[in-house]
Amino acid sequence: MLIDIKNVYKIYNEGQESEVRALDGVSLRIDRGEFVAIIGASGSGKSTLMNILGCLDVPTYGDYSLDGTDVTELSDRELARIRNKEIGFIFQGYNLISALNAYENVELPLIYRGVSILKREDMVMEALEKVKMADRAQHKPSEMSGGQQQRVAIARAIAAKPPIIMADEPTGALDSRTGKHVLEILHTLHEEAGTTIILITHDNSIAATAHRIVRISDGRIVADSMNDADLQYSVAHEGGAGA
Amino acid sequence: MKLTQALKMAAKSISGNKGRSALTMLGVIIGLAAVIILVSYAQGQNLAMEKYYESMGENKLTVYAYAYNNDVDLAEELSNYCQQISDCVAGITPNEYVWDVNIQYGVQSLGQSNNSYGVSIGGGVYVTDSYNTRPQFYLANDQFGLCNNYTLAKGRELSYMDIKRLNHVCVLGAATADTLFGMVDPVGKEVTVNGLPFTVIGVYAPKGNGTTEYNENGDNWQEVEMSRMDRIVVFPYTLTRIFNGNQSISDFTVKAKDSKSAKEAATLIRAFLSGLVDMENGNGYADVYNEGVYREEENEANKLQQYFLGGIAAISLIVGGVGIMNIMLVTVTERTREIGIRKAIGAERGSIITQFLIEAAMICGIGGILGIIVGYLGTLIVGKLAFKIVLIPGVGITVGAFAISVALGIIFGIYPAAKASRLQPVDALRAD
Chain W
867 MLIDIKNVYK
877 IYNEGQESEV
887 RALDGVSLRI
897 DRGEFVAIIG
907 ASGSGKSTLM
917 NILGCLDVPT
927 YGDYSLDGTD
937 VTELSDRELA
947 RIRNKEIGFI
957 FQGYNLISAL
967 NAYENVELPL
977 IYRGVSILKR
987 EDMVMEALEK
997 VKMADRAQHK
1007 PSEMSGGQQQ
1017 RVAIARAIAA
1027 KPPIIMADEP
1037 TGALDSRTGK
1047 HVLEILHTLH
1057 EEAGTTIILI
1067 THDNSIAATA
1077 HRIVRISDGR
1087 IVADSMNDAD
1097 LQYSVAHEGG
1107 AGA
Chain R
146 MKLTQALKMA
156 AKSISGNKGR
166 SALTMLGVII
176 GLAAVIILVS
186 YAQGQNLAME
196 KYYESMGENK
206 LTVYAYAYNN
216 DVDLAEELSN
226 YCQQISDCVA
236 GITPNEYVWD
246 VNIQYGVQSL
256 GQSNNSYGVS
266 IGGGVYVTDS
276 YNTRPQFYLA
286 NDQFGLCNNY
296 TLAKGRELSY
306 MDIKRLNHVC
316 VLGAATADTL
326 FGMVDPVGKE
336 VTVNGLPFTV
346 IGVYAPKGNG
356 TTEYNENGDN
366 WQEVEMSRMD
376 RIVVFPYTLT
386 RIFNGNQSIS
396 DFTVKAKDSK
406 SAKEAATLIR
416 AFLSGLVDME
426 NGNGYADVYN
436 EGVYREEENE
446 ANKLQQYFLG
456 GIAAISLIVG
466 GVGIMNIMLV
476 TVTERTREIG
486 IRKAIGAERG
496 SIITQFLIEA
506 AMICGIGGIL
516 GIIVGYLGTL
526 IVGKLAFKIV
536 LIPGVGITVG
546 AFAISVALGI
556 IFGIYPAAKA
566 SRLQPVDALR
576 AD
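Protein chains in written order, with our numbering: chain W, 867 to 1109; chain R, 146 to 577.
Be a bit skeptical, because a hint or two may be false.
Keeping only pairs whose Cα atoms sit at most 20 Å apart, straight-line, the calculated SDA-like set for lysine to any residue is [stated by the list, open to error]: (1) W:Lys1006 / R:Lys147; (2) W:Lys872 / W:Ser1083; (3) R:Lys564 / W:Leu945; (4) R:Lys147 / W:Glu944; (5) R:Lys157 / W:Ser982; (6) R:Lys564 / R:Arg494; (7) W:Lys1006 / R:Arg494; (8) R:Lys196 / R:Phe532; (9) R:Lys564 / W:Asp923; (10) W:Lys1006 / W:Glu944; (11) W:Lys1027 / W:Asp897; (12) R:Lys163 / R:Gly545; (13) R:Lys299 / R:Phe326; (14) R:Lys157 / W:Thr1075.
Residues on chain R that point at chain W, a partial pick, calculated with CB under 8 Å [to be verified]: (15) Ala155; (16) Ala156; (17) Ser158; (18) Gly161; (19) Asn162; (20) Arg310; (21) Arg373; (22) Glu483; (23) Lys488; (24) Ile490; (25) Ala492; (26) Glu493; (27) Ser496; (28) Pro570.
Reference listing, derived: stretches of chain W covered by chain R, where coverage requires no fewer than 3 residues with Cβ under 8 Å from a Cβ of chain R [stated by the list, open to error]: (29) 922-930; (30) 948-957; (31) 962-976.
Think of the hints as simulated: they come from the structure by calculation, not from any bench.
Here a beta-carbon is modelled for each residue, glycine too, at the ideal position from N, C-alpha and C.
Using the sequences plus the hints, can you model the full thing?
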């Protein structure tokens, strides 16, 4: 099992009147090579779940084992290494560094990994070509459209070929056509490289493209099902807001 | 992450945020330049003072003495006594200022009268006189140059024989020579002094700018005093009959060996004079002034001013530091997000702090070097304008101010990084 979380809680202001249970006892197992959509309304706890799965945040209580390693026991340094080697992140707001151009942004995780400069060049260009942004390598984020920025962000996430890609509303800030293109890239990655994809969304139609759909509401998993053809069809026609 | 990588990353970050980098540098530049210029200004003022006192002559005693009974030749007696106490006295000269003298060479003449203070410059044309422009005529002996710190530019000083034989000779100050002779070499030339023929035997080197040019507004008082010292003519004191209505000499200048012996000499001479002049019955007067005492007082006043300027300099350094801090805090949100991103894609805390440390050091280092350049240029300009000298900031103040401003920049530069890198990546990413 690649990802295995058990009874994970994320509680803000615990014990006070303003206590918020962003995650309220979540257990989830994700296998290598899965394409999972985590769907939920805004405030349902889906982003909190992704942050914990991605080691960007620590749970208040609960266990998390990533590829057999107990993540909750790891030091800051070891967590940084896991984020660098195991996981590629794609954020709704792209999160590119504005002072750096596309090439330098994609190069960054490889630098932190200690990849040599010659190898880096090949890996960066390969990743940029995959998202069809090689011709924009020298452009800064401010000189690119939202869709282009998100493609650079995807290139950054896949450049080091991590086994897991986590995407938090990757199409949320994009128009439907560019959004579709971004999803296609994720699917290609899943099919060709066997990368495990965890996709966070509030949009049923996007979730419907996944192989497994986990529905989250008020910090709890309320549904977890394989997305067979019938369901895929029905979800696609329900449309509208999720959960 | 390797150091070269961190260096490259910091350089990219600086060039990628030109506005922010420039503003931060500006803080360092202003703080540093202000400190260097202000402290140098204070030092320049000291230098000007030093120069003035040096031109006046060091360890000088001014002796003022007269006796109504004319059987005492004070000049002779004092001169002899000073030879007896030669272990603390280096020289003595009469230093008698005389009025109503006119000196002429060809059509050029310089004069000064007790009544009009008038100066005629060429062809009997009178111009308005003032303390700052009129010539000074002195009666002295062969030690005038030694006692008043003049050096000869041409010819020779008055000699013992000139004094003994009442020779009609004179030594000119640099400005006097310039006005009367222009390009002509004055040594050996005959001039007319109050209608009598005199030979110029020597010219002193200038203490001020060596000419009679005087800029009413631009010069500070030390400059004025020093150029005044160039407008002199020195005659043998034994010619008192010609210049002084045959009155006895009452002003003397004594040069002591050093500042310690100046005090000793003052005491000895005072004692000697009180035995010679009958002051108690009002038959004369005698006193000795130690110039060094004024100088010490002046130094005290200067020190106060230096503390004051130093205080202003320290404030400007703090203001510069606060400027740097401001920029750093304003950009803290942006930087916190950046740190969140870097952490999310696998940067360790150490790499982030290293990068930010190098970045701050680079910005402050470059700003510091620019600040030193601006400070040096400013100091040169201030030195030229205020003191008319080539003023260069001291190494100590330069290095000290550089170190402090760079340290401030690095501390304030690294603070947000150190704080943000401690956050969970998700919290850093959320910053806005």
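Hint-by-hint comparison with the structure:
no.: 1; hint: W:Lys1006 / R:Lys147; result: 25 Å, violated
no.: 2; hint: W:Lys872 / W:Ser1083; result: 17 Å, holds
no.: 3; hint: R:Lys564 / W:Leu945; result: 18 Å, holds
no.: 4; hint: R:Lys147 / W:Glu944; result: 18 Å, holds
no.: 5; hint: R:Lys157 / W:Ser982; result: 18 Å, holds
no.: 6; hint: R:Lys564 / R:Arg494; result: 10 Å, holds
no.: 7; hint: W:Lys1006 / R:Arg494; result: 25 Å, violated
no.: 8; hint: R:Lys196 / R:Phe532; result: 11 Å, holds
no.: 9; hint: R:Lys564 / W:Asp923; result: 17 Å, holds
no.: 10; hint: W:Lys1006 / W:Glu944; result: 31 Å, violated
no.: 11; hint: W:Lys1027 / W:Asp897; result: 18 Å, holds
no.: 12; hint: R:Lys163 / R:Gly545; result: 28 Å, violated
no.: 13; hint: R:Lys299 / R:Phe326; result: 13 Å, holds
no.: 14; hint: R:Lys157 / W:Thr1075; result: 40 Å, violated
no.: 15; hint: Ala155; result: 11 Å, violated
no.: 16; hint: Ala156; result: 11 Å, violated
no.: 17; hint: Ser158; result: 5 Å, holds
no.: 18; hint: Gly161; result: 3 Å, holds
no.: 19; hint: Asn162; result: 5 Å, holds
no.: 20; hint: Arg310; result: 89 Å, violated
no.: 21; hint: Arg373; result: 63 Å, violated
no.: 22; hint: Glu483; result: 6 Å, holds
no.: 23; hint: Lys488; result: 7 Å, holds
no.: 24; hint: Ile490; result: 4 Å, holds
no.: 25; hint: Ala492; result: 5 Å, holds
no.: 26; hint: Glu493; result: 4 Å, holds
no.: 27; hint: Ser496; result: 6 Å, holds
no.: 28; hint: Pro570; result: 4 Å, holds
no.: 29; hint: 922-930; result: holds (count 3)
no.: 30; hint: 948-957; result: holds (count 5)
no.: 31; hint: 962-976; result: holds (count 8)
When held up to the earlier numbered hints, the structure conflicts with 1, 7, 10, 12, 14, 15, 16, 20, 21 and fits the remainder.
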